[in-house]
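Residue numbers (the working numbering), protein chains in the order written: chain A, 1 to 361; chain B, 1 to 351; chain C, 1 to 357.
No lab work stands behind these hints, which were simulated from the structure alone.
The reader is advised that the hints may include incorrect statements.
[As the list claims (entries may be wrong)] Residues of chain C placed beyond 12 angstroms of chain B at every Cβ, according to the derived structure:
(1) 56
(2) 149
(3) 158
(4) 161
(5) 174
(6) 183
(7) 237
(8) 267
(9) 300
(10) 315
(11) 323
(12) 331
(13) 333
(14) 344
[What the hints assert, rightly or not] Mimicking DSBU-like on lysine-lysine, the simulated pairs with C-alpha atoms at most 30 angstroms apart in a straight line are:
(15) C:160 / A:136
(16) C:21 / C:132
(17) C:246 / A:309
(18) A:136 / C:168
(19) C:226 / C:132
(20) B:293 / A:43
(21) C:132 / A:17
(22) C:220 / A:136
(23) B:130 / B:169
(24) C:160 / B:326
(25) B:131 / C:331
(26) C:160 / A:309
(27) C:226 / C:90
(28) C:331 / B:169
(29) C:168 / B:326
(30) B:293 / B:131
(31) A:136 / C:226
(32) C:251 / B:130
(33) C:160 / B:130
(34) B:130 / A:185
(35) B:130 / C:246
(36) C:160 / B:325
(37) C:90 / A:136
(38) C:90 / B:72
(39) B:290 / B:130
(40) B:290 / B:131
Bear in mind that the values here come from a model prediction, so they are computed numbers and not experimental data.
Virtual Cβ for every residue (Gly too), placed ideally from N, Cα, C.
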Amino acid sequence: MNTNKNSTLGASQISSKRLSILAKNWALFFLLILILIFSFTGKRFFHLANFQNILHLSTTYLLLSASETFVIITGGIDLSVGFVMGLSSVLAATMMQQMHAVNFPPALSISIGSIVTLIICIIPGLLSGILITRYKVPPFIATLGMGGITSGLTLIMCGGFPVTFLPPYLTEMGNGYMIYILPGKAVSFFNRPEGIVGGELKELVRIIPFSFIFIFIVLIILWHILKNTKFGQHTYAIGGNMDAAVRAGINTNRHLIIIYVLSSFLAGLAGVFNVFQTGVGNFTPFTAMYELLAIAGVIIGGASLMGGKGGIFGSVIGVILIGVIENGLHLSGVDPFYRFIAVGLVLITAVVIDQSFPDLL
Amino acid sequence: MRKSLLWITILIISISLVAVFSLASCKAEEVAEEEEVAEEEEVAEEEEVAEEEFTMLFVPGIADPFYFTMEKGIQAKADELNINLIVSEYPESWGPEAQVPILEAAAAVGGIDLILTAPTSTDALIAPLKKLYDQGITIITVDTYLGDGDYSVESDYSFPLSYIGTDNKLGGQEVARHLAEMLDETGNVYVMNTNPDTSSVVDRGEGFTEGIAEFPNMTLIGMDYCLDVQQEAQNLTTAALQKDPDIVGIFGVNLFSAQGAYQAVVNAGLTGAVKIASWDATQDLINALKEGKVDLVLAQKPAEIGALGVEWGYKYLKNGEEVPKKVIPGFEFFTADNVDDPDMQQFIYSK
Amino acid sequence: MRNTTIEKNGIHGFFLQLGNKWAVIFLLLEVVIFSIVSPGFFSLNGIQVLLINSPFILLLGLAEIFVIITGGIDLSVGFVMGFASVVSAKLIAIFVELGMNDLFSIIIGIVITLGIGIIPGFVNGILIGRLKVPPFIATFSMLGITHGVSELLIEGSYAKDVPALAGKIGNGSLISIVPGRTVSFFISPLVQRGERLIGIFPNVFVIPLIIIAIFAFILKRTKFGKHTYAIGGNIDAAIRAGINVKTHLTKIYMLSSLFATIAGILYMLRFVTGKADAGVMFLLDAIVAVVIGGASLYGGVGTVWKTLIGCFIILVLENGLRMFGVPTFYKLVVVGVILVFAVLVDQFFPELIHKED
């Protein structure tokens, strides 16, 4: 009798363990299944150019999700990232434009513009952090208010126009690939092969966009910080139980301020990258909902709004999942409106699964 | 106890303030009306009148370079004719829920003789504008129109004085022809449109479709709506390019569509392989034309449209002249050949 | 059940009282300043303009205050409003095409829409109440789903062919007077051009007003209201007290969707069209209004009356700036500052927060 019970227990333990692993990584499995399905239903979905495109265009969202990851793990939220990105885009572009107009060499105007912007983008995060820690303003409100103010300042700066007349080489850096192959004819590195025109361009194969290398480096660094450093551990601790963290001697106020500064910095990075990718400085219109999509990516990736869970890898999967859904649906000829429904459903699924298997991390 | 006392005090103060100010503004309104009546009587008596003041209100469609440029044209003409010009707030997004509150608030200031506006919906703006018309204000629609744009036939929406705007359909057809020429009259083309409930862009799309139909070796393989959001235009174009790699030409029906579309093409590395035609000549698009990222740019004449609106409005208000129900200024095409032409520079939209 | 205020005497007490009422005072200041600065602001016409453009933020604010008191939030109300505008417009157009009388089409279309519009709220309630999905996520997903469904219904275009009668109701006033000639109710009389038409109380303002009055009463005096505060205050205590939290939350979110649906119907009446994104620009305003009105995002605190003040602070600000032609970005900055200020005041005067007022 006893042995039977034990073995029954053993069996169910094993199967529930398998189930847990499945549930824990459901987003990843779901992503793979979707890729499979879309390969059949989507026109030219399973294509090197398409996959690279998905990644290339997700770069901004990946940066924003990374910033939200840190914030959400601490149990907070940052609704200003989209607007800080707009500010950074306009600010960087304006600086580059001004310097270019007085004949600074492009290398100088681009680098100075980018670096100064990144430094300035720390400020919104600093202010949010202070409001949240010292004045106990709920993160929702503090970052929303900061976002509005940032948005207003951005509009004042650009007057509603995109910022143009930027130094050359920007888009080449933003959209360049490592290797270009024209099958049977030419191979080149870093730059498009010379003299190709018209129809031949369509046959050009491009491999490894620069953006990919850039985002990979950034994400690896962030992943390492979150997983392997004391800073990362403190972040989880604060999210898990704020009081316990304080009692453990962690300077939560200072830590949280750093978190929001980091979030704001990454949003700034996203904005600067945006200038490289598009070649102009653009403000963020309200309808864009960048922050909500970034947060969705993080949640799908396994984080909880309560804090204490989640990670960079999960957020990346979440963002890519959303990107694949949009891309796959469009290529399959489905009305783009289904994408809204799809993302909503996926998000709910994420949370329900999260609830059903609470002890995953 | 103390609390209720405080409340009562506040209530009394506020009511008296309210009373004072409503009386004051009522008086102001009455005085203004009397003055206006007196002025009008003077005008009727005299032929040659010294500088006269009308007040016009400009309510644009959305905050974008096209309307900024139109405002400049309006302001210049208004200064010339000594007209008092009020410019309302610029709507953040395209639609009646954004434009109507602005329209009504700006008009409520009082003393407006004529409103120049670009209705952001062919249906929704009819009732609010009619209400203002019934108060005695003259309405001229610029760039977009109400209903089907024909104000000469009696209908719910025939009350505006005139519609002044580019012939969007003709423009769409011309773009199609020019683009076809650049593409040797073969291939697949795609249209990035904005809002399906806006007269101007709908006409452009239809015109383009008709134009392409003239070329048997060309096919229009799709039209998407980005709702006047540039990022959306970029996303939709990217997907379209991936789905149909044999797209050789794209028409962006306004500046946001065109800017998003060409950036999508740049991102995909297809600059040169896909030709882009853009409606509206912002600095960004002209630059792109110079850099070869865009191949054809149609410049409307927003400043001229605005100025015409002021001019015809003035003629009507002052002399009761008969105003044509439709006034159609022309448009210009920019290509890589004439983009640096000094005569053409005036047509670029600027702050 | 009032929280006892720490009674302070004299001037200090007076200022504390003042601090508590800062929202009302701010609103009055706004009205005074704009009246001085903009001639038409405090005129009959000016007030009508303010009121006729108020229903959306008022109704969405009402929706949010109920939800926020329970400690939750509803991000879907903007798109539920759009959904309702699309559904009602489409239904009415279909009925009219089938030959039904205009008025009946409108009435029946509205009634059916009210029924359909509750569904998103019902789903939210189930997700949040029973499946324990955090409100932020659940309502954000619903936002996406209603958006998608709305767009599908209109196929990327917009809903039209609504009979003009709807527009007359939507743009009409409770009482319309043509001096010396006629008085009419609900629908504006035909006027000769140039005749003065005085409209008092736009129809689309009266309806939210009545609803707000009813539900303010419900929140304050009925068991339903008390349970709502209880859940927001301490959910475990509420359960132990025997309140069926799951059902109550479902009802709350259904209520929220109902208000958003009514807002959508009013949109359709005013603009004789339906658009999926009709309500997008009002969501944030509604949440800001609720917070300015003293509610706490953690729940348990806030009243309908204060939310109303918050709504009007924003409405008056927007309207006043519009009459001035002030560019939008200044409004953003101002609202952001007010928002932060509102929360700070609540922090510094915690003893002034009353559960009910």
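Using Cβ atoms and 12 angstroms as the threshold, tell me whether residue 56 (chain C) really stays out of contact range of chain B. violated, 7 angstroms
Are the Cα positions of residue 136 (chain A) and residue 226 (chain C) separated by 30 angstroms at most? Cα-Cα ~27 angstroms, so holds.
Between the alpha carbons of residue 293 (chain B) and residue 43 (chain A), is the straight-line distance 30 angstroms or under? Measuring from Cα to Cα gives roughly 26 angstroms; hence the hint holds.
Pairwise hint evaluation, residue 130 (chain B) against residue 160 (chain C), where the allowed Cα distance is 30 angstroms at most: Distance of about 19 angstroms is within 30 angstroms: holds.
Pairwise hint evaluation, residue 72 (chain B) against residue 90 (chain C), where the allowed Cα distance is 30 angstroms at most: violated, 41 angstroms
Going straight from one Cα to the other, do residue 131 (chain B) and residue 331 (chain C) come out at no more than 30 angstroms? holds, 27 angstroms
Holds or violated: residue 251 (chain C) to residue 130 (chain B), with C-alpha atoms at most 30 angstroms apart: violated, 41 angstroms
Report holds if the minimum CB distance from residue 333 (chain C) to chain B is greater than 12 angstroms, and violated otherwise. holds, 14 angstroms
For the pair supplied as a hint, residue 132 (chain C) and residue 17 (chain A), is the alpha-carbon distance within the 30 angstroms limit? holds, 23 angstroms
Pair hint residue 160 (chain C) and residue 309 (chain A), alpha-carbon separation not exceeding 30 angstroms: violated, 47 angstroms
Are residue 290 (chain B) and residue 131 (chain B) close enough, with their CA atoms no more than 30 angstroms apart? Violated. Residue 290 (chain B) to residue 131 (chain B) sits at ~47 angstroms, over the 30 angstroms cutoff.
Between residue 226 (chain C) and residue 132 (chain C), does the CA-CA distance stay at or below 30 angstroms? holds, 22 angstroms
Hint check: violations occur at hints 1, 3, 4, 8, 10, 11, 12, 15, 16, 18, 26, 27, 28, 30, 32, 34, 35, 37, 38, 39 and 40; the rest are consistent with the structure.
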